[in-house]
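Visitor: Residue strings, one per chain:
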Amino acid sequence: MDIDVKKVAMLSRIRLTDDEATELGPQLANIIGYVEQLSEVNTDGVEPTAHPHDAAMPLRANIVTNVNRREELQASSPKIESGLYVVPKVIE
Amino acid sequence: MPFSSLSDIQNRLNSGQTTAVEVAQLYLDRILAFNDKLNAFVHLDAADVLAQAEASDAYRAKHGARALEGLPIAVKDIFCTQDGPTRCCSNILEDFHAPYDAHVISQLKEAGAILVGKTNMDEFAMGSSNETSAFGPCCNPWDTDRIPGGSSGGSAAAVAAALTPAALGTDTGGSIRQPAALTGITGLKPTYGRVSRRGIIAFASSLDQAGPMTRNVKDTAMITAAIVGHDAADATSVADAPIIDWLAACEAQDMKGLKIGKPKEYFIDGMDAEVRQTVEDALKKCQDLGAEIIDISLPHTEYAVAAYYVIAPSEASANLSRYDSVRFGHRCDNPEDLLDMYTRSRDEGFGSEVKRRILTGAFTLSSGYYDAYYLKAQKVRTLIQQDFIQAFEQVDVIATPTSPISAFKLGEKTDDPLTMYLSDIYTIAVNLAGLPGLSQPCGFAQNLPVGLQWIGPAWREETIISAASAYEFATDWSTQHPAEFNANGGES
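In order, the protein sequence lines correspond to chains A and B. If you count by numbering that gives the first Met the number 0, then the first sequence holds residues 0 to 91, one letter each, in order. If you count by numbering that gives the first Met the number 0, then the second sequence holds residues 0 to 491, one letter each, in order.
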């Protein structure tokens, strides 16, 4: 299988260096080649399993339970100004 | 004392022979003496540990002892703790401090446990050898040139060398059971949904489950009892899970009438012959104890690794999209624009195994490939689960080797990711099916520990805890420990 590593990396928002792409390409092809054996299994009429116990998503009442902890929650951000997250300019 | 079980330490605390402060100091001394050799701990705040121990002694004097009063427990770096850093052994979380405690951390604190630092692990729990950690590999106390297993390698090494009497790990494809096996300790992955996942940094949400890593089965039961229960704030925590008397399950001393399934797909030519013999001998011992060994088949076993390496990376690629360097995490210097910031920060912050998994997942979820890989893997997952359901109509528990090999050398498998993936061949199906699995020591191969894995029906952990307790009662594997770490940090 031929995998466009740079494209998959861009989908993942990871900028690979050329060296990384050269190394990861064959490794990825190898892994995908291995998992391709799944196609041997007859799964006609078999339902997919997304959750081991087939549990329904529980709902809860929409009640505010937390207090305002903005400073603590933002403390780990790389860049904060006046309580706002700062990112490079998006709109000209 | 250092190699005492949690319950022995509890007895000494209850009878006044020692105090939480003395116990904490003993293990702190051992961490200081031995951690350089093992790299099992990646964060430790000794003053904070002693302060917790003092508070515990004061609590005991005033109110009496809670379930884990004064007992030191280390936790994998994947658990969010409000005190100290939480980094998941990744450079992308280099400066991260969690704003809240994981639910299980709160439960341990409420039970009176002393939290002794964060243990080493594969980055984001992606690995089977602890070699993908941003803090460097952790070593196996039985042979420090070898890996302790992974991803909860630091927790395993710390317990095996008695730098702590017990630890918490997490298990997505074997990350508690495989390192427990390779370091000669006991570890339990509970039924999926039994333990809250809130505040545990997510790898693969439909597979991840936390559990204890300890010196013996009773200690595993003691910790499990403290961390189970419904958490309304975790949508995957199951509300009506059957309740188990965890400590009563440890009282089994024989296996009379127990039907043990021995799946032929787990005893194969590719595995290490000495490991195989050791596990076969363990099953003979079970027969002596009154169990009936029944040959069974789990026919879709050979597809478990392939299904896992589609499902786990797919979920990981979605979960790890949150590391955008906006709200937390590493940010690259001088980003030109938003896209440059995302892509360069993530390239710099993630290690190569994490990137490999994110890319694998992004590919298997991508347009045109979703049905052939992700959906197909989920259907195979159903078949793997049905194999177990059918087997449990015939047997009470299933016994297998935990790992096809004993601990390998550091660096031995790092060049070929796929070979590394295959080392999880005996543990992965349990996660796909959401079942409980326990590994306990059952002997040695190449002078390295070998693990016996018990698999039980969903929500029936008492079946595997009883089987493991009876086996432990009749053997002495759980009391053996690596000679190099016998030297003492305190009293004996």
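Honestly, the hints are just simulated from the structure, not real lab data. Please read these numbers as outputs of a predicted model, since none were measured by experiment. Hints should not be assumed to be uniformly reliable.
[As the list claims (entries may be wrong)] Distance condition first, Cα-Cα at most 16 Å in a straight line; then the derived EDC-like pairs of lysine to aspartate or glutamate: (1) A:Lys88 with B:Asp332; (2) A:Lys88 with B:Glu93; (3) A:Lys78 with B:Asp332; (4) A:Lys5 with B:Asp339; (5) A:Lys5 with A:Glu19; (6) A:Lys88 with B:Asp294; (7) A:Lys78 with B:Asp56; (8) A:Lys88 with B:Asp336; (9) B:Lys108 with B:Asp56; (10) B:Lys263 with B:Asp294; (11) A:Lys78 with B:Glu93.
[Unchecked claim] Chain A side only, calculated, beta carbon under 8 Å to chain B, not exhaustive: (12) Lys5; (13) Arg14; (14) Thr42; (15) Val45; (16) Ala49; (17) Pro51; (18) Asn61; (19) Ile62; (20) Val63; (21) Val66; (22) Ser76; (23) Gly82.
By construction, the Cβ of each residue, glycine as well, lies at the ideal position given by its N, Cα and C atoms.
Visitor: Given Pro51 of chain A as an interface hint, is the shortest Cβ-Cβ distance to chain B below 8 Å?
Guide: The hint holds - Pro51 of chain A has a Cβ within 8 Å of chain B, the shortest such distance being about 2 Å.
Visitor: With the threshold set at 16 Å, check whether the alpha-carbon distance from Lys88 of chain A to Asp336 of chain B stays at or below it.
Guide: OK: Lys88 of chain A and Asp336 of chain B at ~7 Å, within 16 Å.
Visitor: So, as I understand it, the hint says Val66 of chain A touches chain B; can you test that by seeing if any CB pair is closer than 8 Å?
Guide: Since the shortest Cβ distance to chain B is 12 Å, the answer is violated.
Visitor: Hint check: Lys78 of chain A vs Glu93 of chain B, CA-CA at most 16 Å. Holds or violated?
Guide: With a Cα-Cα distance of about 15 Å, the restraint between Lys78 of chain A and Glu93 of chain B holds, given a limit of 16 Å.
Visitor: Does Asp56 of chain B sit within 16 Å of Lys108 of chain B, going by the straight-line distance between their CA atoms?
Guide: Between Lys108 of chain B and Asp56 of chain B the Cα gap is close to 14 Å, so the pair holds against 16 Å.
Visitor: Within a Cα-Cα threshold of 16 Å, do Lys88 of chain A and Asp294 of chain B meet the stated pairing?
Guide: Measuring from Cα to Cα gives roughly 65 Å; hence the hint is violated.
Visitor: Less than 8 Å between beta-carbons is the criterion; does Gly82 of chain A satisfy it with respect to chain B?
Guide: violated (13 Å)
Visitor: Take the shortest C-beta to C-beta distance between Val45 of chain A and chain B; is it under 8 Å?
Guide: Holds: closest Cβ of chain B sits about 4 Å from Val45 of chain A, inside 8 Å.
Visitor: Can you confirm whether the C-alpha distance between Lys78 of chain A and Asp332 of chain B stays at or below 16 Å?
Guide: holds (12 Å)
Visitor: Does the nearest C-beta of chain B fall within a distance shorter than 8 Å of the C-beta of Arg14 of chain A?
Guide: holds (4 Å)
Visitor: Take a quick look at whether Lys78 of chain A and Asp56 of chain B sit within 16 Å of each other, Cα to Cα.
Guide: violated (42 Å)
Visitor: Taking 16 Å as the top limit, are the C-alpha atoms of Lys263 of chain B and Asp294 of chain B close enough?
Guide: holds (7 Å)
In this structure, the earlier hints numbered 2, 6, 7, 12, 18, 19, 20, 21, 23 are contradicted, and the remaining ones agree with it.
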